[in-house]
Amino acid sequence: MNHNPYKPIPMRIARTVVETDDQSLKSFELVFERDADREAFFSRYRPGQFCQLSIFGKGEAPFGVASAAWEGDFVRFTINKIGVFTRAIHSMKVGDPIGLRGPLGNWYPIENWKGANIVIIGGGYAFTTLFALTQHLLDPAIRPQYGNLTVIYGAREPGLFLYKKELQTWYERKDINLYQAIDCPADGWCYFVGYVPNVTKEIAPSAENAVAFVCGPPVMIKFTLPVLYELGFPAERIYTSMEKRMKCGIGKCGRCNIGPKYICKDGPIFTFAQLQELPPDL
Amino acid sequence: MYKILPKADLPRLIEKWMEQATVYAPVRQGDFTKFEPLSDPAQADLYYAANTRYPPKSLFLPQSEVMFRVKGSEFEPTGDEVSSRVVLGIHACDTRALQLLDGVFVDRDYQDPYWARKREQTTLVVLGCANPCETCFCTSVGSGPFDKRGADVMLIDLGNEYVADVRSEKGQVLFDHLPDASQEQIDASRQVQAAAAAKMKKPFETEGLKDKLYNLFESGFWATIQQSCLGCGVCTFLCPTCYCFDIVDEVQRNERVRNWDTCMFRIYSQEASGHNPRPTNTERTRQRIMHKYAYFVDLFNEIGCTGCGRCVRYCPVNLDIRQIIRSAQAWEES
Numbered sequence: 035m036n037h038n039p040y041k042p043i044p045m046r047i048a049r050t051v052v053e054t055d056d057q058s059l060k061s062f063e064l065v066f067e068r069d070a071d072r073e074a075f076f077s078r079y080r081p082g083q084f085c086q087l088s089i090f091g092k093g094e095a096p097f098g099v100a101s102a103a104w105e106g107d108f109v110r111f112t113i114n115k116i117g118v119f120t121r122a123i124h125s126m127k128v129g130d131p132i133g134l135r136g137p138l139g140n141w142y143p144i145e146n147w148k149g150a151n152i153v154i155i156g157g158g159y160a161f162t163t164l165f166a167l168t169q170h171l172l173d174p175a176i177r178p179q180y181g182n183l184t185v186i187y188g189a190r191e192p193g194l195f196l197y198k199k200e201l202q203t204w205y206e207r208k209d210i211n212l213y214q215a216i217d218c219p220a221d222g223w224c225y226f227v228g229y230v231p232n233v234t235k236e237i238a239p240s241a242e243n244a245v246a247f248v249c250g251p252p253v254m255i256k257f258t259l260p261v262l263y264e265l266g267f268p269a270e271r272i273y274t275s276m277e278k279r280m281k282c283g284i285g286k287c288g289r290c291n292i293g294p295k296y297i298c299k300d301g302p303i304f305t306f307a308q309l310q311e312l313p314p315d316l
Numbered sequence: 021m022y023k024i025l026p027k028a029d030l031p032r033l034i035e036k037w038m039e040q041a042t043v044y045a046p047v048r049q050g051d052f053t054k055f056e057p058l059s060d061p062a063q064a065d066l067y068y069a070a071n072t073r074y075p076p077k078s079l080f081l082p083q084s085e086v087m088f089r090v091k092g093s094e095f096e097p098t099g100d101e102v103s104s105r106v107v108l109g110i111h112a113c114d115t116r117a118l119q120l121l122d123g124v125f126v127d128r129d130y131q132d133p134y135w136a137r138k139r140e141q142t143t144l145v146v147l148g149c150a151n152p153c154e155t156c157f158c159t160s161v162g163s164g165p166f167d168k169r170g171a172d173v174m175l176i177d178l179g180n181e182y183v184a185d186v187r188s189e190k191g192q193v194l195f196d197h198l199p200d201a202s203q204e205q206i207d208a209s210r211q212v213q214a215a216a217a218a219k220m221k222k223p224f225e226t227e228g229l230k231d232k233l234y235n236l237f238e239s240g241f242w243a244t245i246q247q248s249c250l251g252c253g254v255c256t257f258l259c260p261t262c263y264c265f266d267i268v269d270e271v272q273r274n275e276r277v278r279n280w281d282t283c284m285f286r287i288y289s290q291e292a293s294g295h296n297p298r299p300t301n302t303e304r305t306r307q308r309i310m311h312k313y314a315y316f317v318d319l320f321n322e323i324g325c326t327g328c329g330r331c332v333r334y335c336p337v338n339l340d341i342r343q344i345i346r347s348a349q350a351w352e353e354s
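As you go down the protein sequences, you meet chains V and E in turn. The first sequence maps to residues 35 to 316 in my numbering. The second sequence maps to residues 21 to 354 in my numbering.
Excised from the complex, chain E in its bound form (with noise of 0.2 Å):
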């Protein structure tokens, strides 16, 4: 079903959805945007950067996230409170993380209740990218810059006005009173969604890469790529895929809290006996590449990577994980 929306009217739009959800969309920070709750349509920056700087999955998996209040020794869940969401103008590969994080959260043997109400709670409206950006290479990782997997309704962007395709019931209740859209307009935003992914480069090629990786596993290749990394975490912490979390209690305020967590950090796989299975950088720059590019493979038969390019603009030494894909393509051992 395809909708059409001219832009003049998207802030009553948002208005109207204000009624019934809590609307999300990007806000500028400063010289970034960030998914923030609206109070009013206009605050909804959807262009000004590329990406946001802080990836939409916190609105899922939260930096820092109550898990329990406890009273006694009563841990009484949180979560119920999470009300009907809609999020605009999430990317493609912001998108196709969430439904990456899925396989993590709820499609395996236990479900995560706290991910799963909020995702449940959720309609994205996703706006694709007629311009992706220098550092974006979602093409190269199996996916695309109009990639409509995730995507309630995916926005297509004609100047004046967005082709709305409505993929799911949830976005039809967004979305039904807006007229269609004609074959002309369809058509138009066909082209603009080739366009879009025919600009764009392929820094690397993915076939053979998980064998390719898993034959350097003790390879020296790790030890000459981490070189100069400083161990920050940033890469994690920014990428929409990486989830990992730590467990604590702040006593303090009564409550088991979940924190992102990353396996940059020493601490992370430090065991109570001393060792330490990923004691330096090496180790854990290899398991950070390997889980995305082999064991998510493995796992769900997927990259566990959406080449939004974070982790390439905002590291503080320019590593690159494009360049580090090419050299593992390129690596020999002499």
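Only chain V is shown next, with the shape it has when bound in the complex (with noise of 0.2 Å):
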């Protein structure tokens, strides 16, 4: 038979990581069981591509990836204990087994914006993919392509922030501007108070020569638009990536479109000025 999209290839939990106070993220970095499922996978991920995991029993569901390449032969995806399948996963532990479809889905397309000031806009666990754009961007064959980078991370309380420890060497690094949120004074937080919209308006990244990439739930993305385009930056240059229920991933089974469009095979990225086209079917 012909190669079969549904296949899953059998992956194997690394190691885990605990990302949030509440417990309720968890970081999963599987490992590959044969080096041509490895080989195959990193020559076609690119940041912003989603897989399908496979657990047999409970069934597939869509996480992106969170993690790039140069990090290790692993790959990363922060998972939010919400449904079966992630219920499923979140009790599972170092070497199990998990199958795997991917990478799927198109990526944040900064090859075209070589040479541009890259601003980065994350809201609570929506920054997954976020994380591993900045990861790709700041690989020292990458980070003298682009210029500035720019990224501004918002969460309910410090505790709920992903990625804390990676998060700190960023602080330490001259070539990256974090800025952290959140939304109501915390002891010892010495860094920005405020909704992510509101920090974004503080900071005010320059939309000259710049592109944008934003991420969050619907209020955030909702109040935040309005910033960017206030500061310049049009539809078109405004990434931000969909989410939506799916089963094969590969635009076939139906139900992730928007439109004419399907989130699994036409997106998950697509630029707000590509969304005003499409039905609000959401």
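None of these hints come from the bench; they were simulated from the model. A virtual CB, placed ideally from N, CA and C, is assigned to each residue, including glycine. Just to be clear, a hint being listed does not mean it is correct.
[Unchecked claim] Cut-off 25 Å, straight-line C-alpha distance, at most; resulting in silico cross-link-like pairs (PhoX-like, lysine-lysine):
| hint | chain 1 | residue 1 | chain 2 | residue 2 |
| --- | --- | --- | --- | --- |
| 1 | V | K92 | E | K91 |
| 2 | E | K138 | V | K41 |
| 3 | V | K208 | V | K148 |
| 4 | E | K168 | E | K190 |
| 5 | E | K91 | V | K41 |
| 6 | E | K54 | E | K168 |
| 7 | V | K198 | V | K115 |
| 8 | V | K127 | E | K168 |
[Unchecked claim] To be clear about the criterion: a stretch of chain V counts as covered by chain E if any three or more of its residues have a C-beta under 8 Å from a C-beta of chain E, and this derived list gives those stretches:
| hint | region |
| --- | --- |
| 9 | 151 to 165 |
| 10 | 176 to 182 |
| 11 | 278 to 287 |
Hey, can you piece these two chains together into the complex? The hints should help.
Okay, structure coming up:
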């Protein structure tokens, strides 16, 4: 039989990290059982893409990749414990087998923005693929190809930030400006306090020769977009990542469409200019 | 290439095909017919009920299909066992549907190996409709009762014999040994085709329809037309162009299976967070209609409906897609 795009490849959980103080978000670093699968994966993977993870008996679910290729021979997924599949994976241990299909979908098209200043704005646990993008840009071979790198990242409270250790290292670097914000003041917090749209307004990243990547809860998106427009970012230069319920992940099973576009195949990355062309089936 | 097949010779021909292939044809089941593998040519009933109630898409996208047998963490694909098949008596609308679905399953970035294999292994001997039903509207959606697209062979009924319009190499294999049709017979078959199409009423116009539907996206139109809809999904299950599927694990059988799914069910688009982009029948009806008459047109430049009339005939509350399209065309925002 021809290549079967529904067939999961065998992976193993190599490491888990509890990301948030409330234990609801956990990162899983998966490694490949077969070298050929690993090579095939990394020859295609670009930040912004997602995979279908597969646990027989619990089914499959889509998750954005939260790691850059240079980090190692693993693929990271940061997963919120919220449904049947995610509860199952949260109970799994290092060494357990798991299936993977991917990488799927399109990616943040940074190859089209060489030389540009990059503005990354994330809220809550939607930061996962933005983290992969930032990590990718911090690759010593990649970083010189772009201008300023600004990251604005908001969470409800300090304990809900993901990737706390890596964020600390970003503060120590000169080639990235990280601005973290929490909703309300908290003891010991020395960064921004306020919602992401307001903090973005305050920091006011220049739109000149710049492109923005924005992911977060709908309410954050809703109020951040006008701020970006006011700063001079046109909708064509603001990218986001969409999500919907999926099954096949390859544009066949039907359910993840917005108008004629399938989030899994035509997305998940769209500019707001592209989204404005589609019917509001959200 | 036109061949002539006396009706009396059909059983012998089917028998001959059966030596090489599994032959599927409409077989009576109570008040309906359904495509079944024949064990005896006499089982084939090409005329009893116009379109089979159960759509022949099931021969390519079964209602429930094992995708993998699971052994430990290995997923072993199924499908290789599908071998040569002949589908006899499929109508132009259902053939056209298969061709439209090739756009989804074969022609795009990812090929669906289950669909592709069954399509490759199958020869379609289409029976054109000399007497379309009341509920048929193929001529309104860019097709017709003798639409030959996708047909390996098109049979045209001349009363005592069929003219076989052989259109592909696969079709030639089945009909090569038959005598050629005479020019008179070919002419007669053309008359039958023209007369059948002329008999069909056009229940709606499709000009400007796509744009009209997009303009109606946020209109009260959808809430109005769905009021009697029960959300049972029969329109989508019986639809030859509806192809949405769910993938589920059958743990006791150690199988990963795909089953027909429907945009008419709440859970179809229900997300783990609780959010549902299509929370009521209104949004779901809009999705069903717009997928066929707007999104499909955008994607493939074809209407994703073949006018078979099953959704009209089997809707338990008599919702009629022809009426929905007419209403959409006539709708004016108040």
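Results of checking the hints against the structure:
1. V:K92 to E:K91: The hint holds at about 15 Å.
2. E:K138 to V:K41: holds, 18 Å
3. V:K208 to V:K148: This hinted pair holds, its Cα atoms lying about 19 Å apart.
4. E:K168 to E:K190: holds, 15 Å
5. E:K91 to V:K41: Distance of about 13 Å is within 25 Å: holds.
6. E:K54 to E:K168: holds, 22 Å
7. V:K198 to V:K115: It holds: about 19 Å lies between the C-alpha atoms, which stays within 25 Å.
8. V:K127 to E:K168: violated, 57 Å
9. 151 to 165: violated (count 0)
10. 176 to 182: It is violated: at least three residues are needed, and the region 176 to 182 of chain V offers just 0 whose Cβ sits closer than 8 Å to chain E.
11. 278 to 287: holds (count 8)
Of the numbered hints given earlier, the model fails hints 8, 9, 10; all others are met.
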